[in-house]
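*Asks:* Each chain, written out:
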Amino acid sequence: MLAIGILGGGLAVVTLRNVIHSAVAMMICFGSLAGMYALLGAPIIAAAQVLIYLGAISVLILFAIMLTQAGDASLPAPFHRQAPIAVVIALVVVGLVAWAAVSTPWHAASAAVGVAIEAVGNLLFTDYALPFEIIGFLLLAAIIGAIFLARRPEEDERAN
Amino acid sequence: MASLQGYLIVSAGLFGIGAFGFMARRNAILMLISIELMLNSVNLSLVAFNAYIPGAHNAGAIFALIVMAVAAAEATVGLALVIAIIRTRQTPEVDEYDDLKE
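Protein chains in written order, with my numbering: chain C, 43 to 202; chain R, 923 to 1024.
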């Protein structure tokens, strides 16, 4: 059921003609993914998915679409000329990855083992402290870069 | 079919959809959304491995959180770049960005 939501949402994202409809389909896809994380016994990841993707990135993308759409009078053709080749390449990739996933002996457990939130918190500040700090720095750089890029040039001249 | 293979196949399908969208769509924002789909599919496989492979010690969950943070940073900067390009070129179609060809 959730897999249908994920794959159907994803297909709707890449095939719908109107960009806003694609963004809504993307939110459905991300919500189904959050449900699947919860099903896998990882509620912390599900919560992060809802907060980051459903909350932040979806709103960011919707804002970007609304800032940039000049009006829905003329919707141009959504695909490049090379769309058939893209279909073939994507199907080959899916087939190879699915074949590898099925044919590899994983020695997997029969049931999903949940993630303890306390253990994740402890690991994040002990074994994975360096990646955690690097991510903090990366997010700072991204904030500064986004402010710099989104600034209008005229304001720049007015400030000088 | 709640097994590791099932989750991995869903993840592969989502990755393929994202790859197709990135290669075939003409809208710059849609290309960014497709990149997000691909990152999400990788996250799904990481969490699935973490749940089903014994001895993972929650590494997959932490990798997934790190990937989410990096994806958020990427989306921020990518959308700022796209908005800047659209502001100068007045179109979101990537076919129209052909200044270097002339």
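One thing to keep in mind: the hints can contain errors.
To be verified - Simulated DEER-style distance windows between Cβ atoms:
{"#": "1", "chain 1": "C", "residue 1": "Pro85", "chain 2": "R", "residue 2": "Gln1012", "range": "18 to 24 Å"}
{"#": "2", "chain 1": "R", "residue 1": "Val992", "chain 2": "C", "residue 2": "Gly137", "range": "40 to 46 Å"}
{"#": "3", "chain 1": "R", "residue 1": "Asp1017", "chain 2": "C", "residue 2": "Gly137", "range": "40 to 46 Å"}
{"#": "4", "chain 1": "R", "residue 1": "Leu1022", "chain 2": "C", "residue 2": "Ala153", "range": "50 to 56 Å"}
{"#": "5", "chain 1": "C", "residue 1": "Gly50", "chain 2": "R", "residue 2": "Ile975", "range": "24 to 30 Å"}
{"#": "6", "chain 1": "C", "residue 1": "Phe167", "chain 2": "R", "residue 2": "Gln1012", "range": "45 to 51 Å"}
{"#": "7", "chain 1": "C", "residue 1": "Gly156", "chain 2": "R", "residue 2": "Lys1023", "range": "52 to 58 Å"}
{"#": "8", "chain 1": "C", "residue 1": "Arg59", "chain 2": "R", "residue 2": "Thr1010", "range": "21 to 27 Å"}
{"#": "9", "chain 1": "R", "residue 1": "Asp1017", "chain 2": "C", "residue 2": "Asn60", "range": "29 to 35 Å"}
{"#": "10", "chain 1": "R", "residue 1": "Lys1023", "chain 2": "C", "residue 2": "Ala98", "range": "23 to 29 Å"}
None of these hints come from the bench; they were simulated from the model.
What you are looking at is a predicted structure, and each value in this text was computed from that prediction instead of being measured.
Cβ atoms here follow ideal geometry from the backbone N, Cα and C, with glycine treated the same way.
*Asks:* Of the hints stated earlier, which fail here?
*Replies:* Checked against the structure, the hints that fail are numbers 1, 2, 3, 9 and 10, while the rest are satisfied.
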